[in-house]
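The primary structure of each chain is shown beneath.
There are 2 protein chains.
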Amino acid sequence: MTDQPPATLAGLGEFGVVGLITRGLPLGADVRVGPGDDAAVLAPGASDLVVTTDTMVEGVHFKRDWSSGLETGRKAVAAAAADVEAMGGRPWALVVSLSAPADLPVTWLRFFRQGVLQECELAGAQLVGGDTTRSRDVVVGVTVLGRLDGPAVTRAGARPGDVVAVRGRLGWAAAGLAVLGRGFRSPRAAVAAQLAPEVPWGAGEEARAAGATAMIDVSDGLLADLGHVCAASGVAIDLDSAAFEVPDVLQTVAAATGGDPLRLVLTGGEDHALAATFAEADVPAGWRVVGRVVTPPEADTRVTVDGREWEGVGGHDHFGA
Amino acid sequence: MTDQPPATLAGLGEFGVVGLITRGLPLGADVRVGPGDDAAVLAPGASDLVVTTDTMVEGVHFKRDWSSGLETGRKAVAAAAADVEAMGGRPWALVVSLSAPADLPVTWLRFFRQGVLQECELAGAQLVGGDTTRSRDVVVGVTVLGRLDGPAVTRAGARPGDVVAVRGRLGWAAAGLAVLGRGFRSPRAAVAAQLAPEVPWGAGEEARAAGATAMIDVSDGLLADLGHVCAASGVAIDLDSAAFEVPDVLQTVAAATGGDPLRLVLTGGEDHALAATFAEADVPAGWRVVGRVVTPPEADTRVTVDGREWEGVGGHDHFGA
Chain A
2 MTDQPPATLA
12 GLGEFGVVGL
22 ITRGLPLGAD
32 VRVGPGDDAA
42 VLAPGASDLV
52 VTTDTMVEGV
62 HFKRDWSSGL
72 ETGRKAVAAA
82 AADVEAMGGR
92 PWALVVSLSA
102 PADLPVTWLR
112 FFRQGVLQEC
122 ELAGAQLVGG
132 DTTRSRDVVV
142 GVTVLGRLDG
152 PAVTRAGARP
162 GDVVAVRGRL
172 GWAAAGLAVL
182 GRGFRSPRAA
192 VAAQLAPEVP
202 WGAGEEARAA
212 GATAMIDVSD
222 GLLADLGHVC
232 AASGVAIDLD
242 SAAFEVPDVL
252 QTVAAATGGD
262 PLRLVLTGGE
272 DHALAATFAE
282 ADVPAGWRVV
292 GRVVTPPEAD
302 TRVTVDGREW
312 EGVGGHDHFG
322 A
Chain B
2 MTDQPPATLA
12 GLGEFGVVGL
22 ITRGLPLGAD
32 VRVGPGDDAA
42 VLAPGASDLV
52 VTTDTMVEGV
62 HFKRDWSSGL
72 ETGRKAVAAA
82 AADVEAMGGR
92 PWALVVSLSA
102 PADLPVTWLR
112 FFRQGVLQEC
122 ELAGAQLVGG
132 DTTRSRDVVV
142 GVTVLGRLDG
152 PAVTRAGARP
162 GDVVAVRGRL
172 GWAAAGLAVL
182 GRGFRSPRAA
192 VAAQLAPEVP
202 WGAGEEARAA
212 GATAMIDVSD
222 GLLADLGHVC
232 AASGVAIDLD
242 SAAFEVPDVL
252 QTVAAATGGD
262 PLRLVLTGGE
272 DHALAATFAE
282 ADVPAGWRVV
292 GRVVTPPEAD
302 TRVTVDGREW
312 EGVGGHDHFG
322 A
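Residue numbers (our numbering), protein chains in the order written: chain A, 2 to 322; chain B, 2 to 322.
Calculated directly from the structure, the hints in this document are not laboratory data. In this text, a Cβ means the ideal position worked out from N, Cα and C, and glycines have one as well. There's no promise every hint is true.
A short list of chain A residues far from chain B (calculated; beta carbon distances all over 12 Å) [what the hints assert, rightly or not]: (1) Thr56; (2) Val145; (3) Ser242.
Looking from chain B toward chain A, a few residues come up when the C-beta cut is under 8 Å (computed) [what the hints assert, rightly or not]: (4) Gly29; (5) Arg33; (6) Thr53; (7) Val58; (8) Asp84; (9) Arg289.
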């Protein structure tokens with residue numbers, strides 16, 4: 002034994018890991034029992050409750066070669082809490098499960114905690130509990146509770162005549178992945194977007210209050226995710242390619258990788274933008290109208306671009322079928 | 002392509018996996034939006050909300066050689082929901098995250114679903130959502146929401162003079178593990194207890210209503226878990242070895258493995274019995290009084306047996322420190 006602080010989770014031990022993560026957490030007055038007991042206890046108030054869970058697996062969703070602990074923590078919270086926004090709710094409280102190998106550096110854990118708390122602060126949520134265990138690969142599970150002060154905005158309410166609007170980034174994370182996959186680390190804005198998204202926090206409740214008829218968060222790519230809205234609502238959607246902003250960083254990446262910047266925008270996932278449908282007069286400021294909900298010909302509930310089918314809509318199937 | 006139904010998750014695909022698990026779920030009137038959208042939406046009512054998460058990793062918490070999908074699903078739900086009981090609450094709604102290799106048999110998944118739903122029914126909870134992704138090892142994360150109609154029973158309220166009482170099994174799961182570890186599959190009652198515990202559902206709320214001053218679920222072993230109560234409450238506990246029931250199955254396993262049946266009772270985890278402290282007159286029927294809360298000498302908040310320290314209290318450290 003030396004006086005050195007432990008360098009890995011094995012040295013820290015299970016209670017040390019929990020202690021490092023939970024020490025000094027900022028907790029609201031609505032948390033009756035915080036971390037450290039068998040479970041957390043919250044005062045829910047009068048709002049409805051939104052519940053969603055999301056899991057990130059090392060080697061599937063992130064690589065420790067690419068992502069720091071901070072980015073991993075930020076991305077895990079962002080991906081889960083964005084689903085609360087997509088129902089029109091506000092992220093409120095979350096529990097985190099961390100499975101990790103015993104040789105994981107304590108430094109990684111410290112940065113992971115920092116990333117979780119940073120994204121919690123951005124999202125307006127608080128960490129109230131969790132669980133930690135050993136595993137071969139790092140697996141991060143985040144369950145988020147949200148508050149919802151009105152009817153949920155599901156995927157099923159889009160009506161022909163509504164417009165389709167988006168808020169947040171599209172294609173940035175996919176551009177970052179294209180860059181990283183070729184062994185580069187720039188443009189840094191694209192790489193940063195892949196490692197931890199910039200979610201338009203607050204936009205989900207804003208859309209609900211404005212009267213959004215359907216909403217989804219863009220995790221698999223705009224075309225794929227709007228496809229879910231079409232299927233749930235029994236409608237079709239036609240997007241206007243000229244309505245999209247294609248930022249310089251996507252032009253740069255597309256030029257460098259031989260890709261199409263519009264393809265990044267339409268099919269790139271992991272940015273957790275929000276896409277919603279509104280009556281035309283209801284679109285809030287800051288949302289970009291990019292298409293229109295139409296009556297599908299013969300129940301063919303699909304998404305078109307400029308009236309034509311887009312090749313290779315994609316969407317990611319984790320089991321590879 | 003053939004007309005054969007897919008044999009593995011790869012053939013089923015991500016949406017097929019989600020569809021198989023979520024199709025036809027029984028949902029209460031308090032579920033406003035069930036599985037299939039970005040998140041579930043629940044009407045919380047007037048109760049306080051209990052939140053807890055628990056993760057089981059293949060090769061760490063279970064082996065697919067030993068546990069069927071049904072047992073894995075049952076155990077994952079039981080281990081998580083027992084923490085709601087331990088606060089004095091009632092399990093209400095849960096989300097499940099399943100990470101699994103693409104070659105996992107669909108049959109395993111069907112049994113897993115059945116196990117999750119069986120244990121949900123026993124616990125009085127409903128499955129409202131989840132997430133699935135690919136991974137090398139099967140990792141099951143369960144987050145449970147509970148309802149709590151009164152002050153939470155934490156670990157911190159035990160008072161000198163209280164009695165310590167337990168409800169549920171002690172040592173059965175550890176006995177099963179000892180058997181399985183030697184390559185045997187009997188006594189079957191012990192093996193079954195290791196593969197999926199029999200949680201005393203409803204006993205947590207019963208203890209709270211009766212005035213329990215502190216409570217914990219026995220996941221790491223009675224001595225280790227009562228140690229947490231002692232530390233949180235600033236007390237010591239002395240157990241009476243003669244007060245424990247040592248069932249025949251533990252005698253059998255101890256005789257066959259050269260172990261001590263009382264050691265199984267005092268240090269065996271994973272049965273998710275409840276241990277609580279009460280004023281002596283408040284102990285509900287069905288609870289067994291096994292010890293007493295005492296004032297610790299010199300802040301030495303530890304658990305003794307018949308007035309003496311028990312060697313090797315144990316408790317399981319997942320990171321092996």
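Of the hints stated earlier, which fail here? 1, 2, 4 and 9
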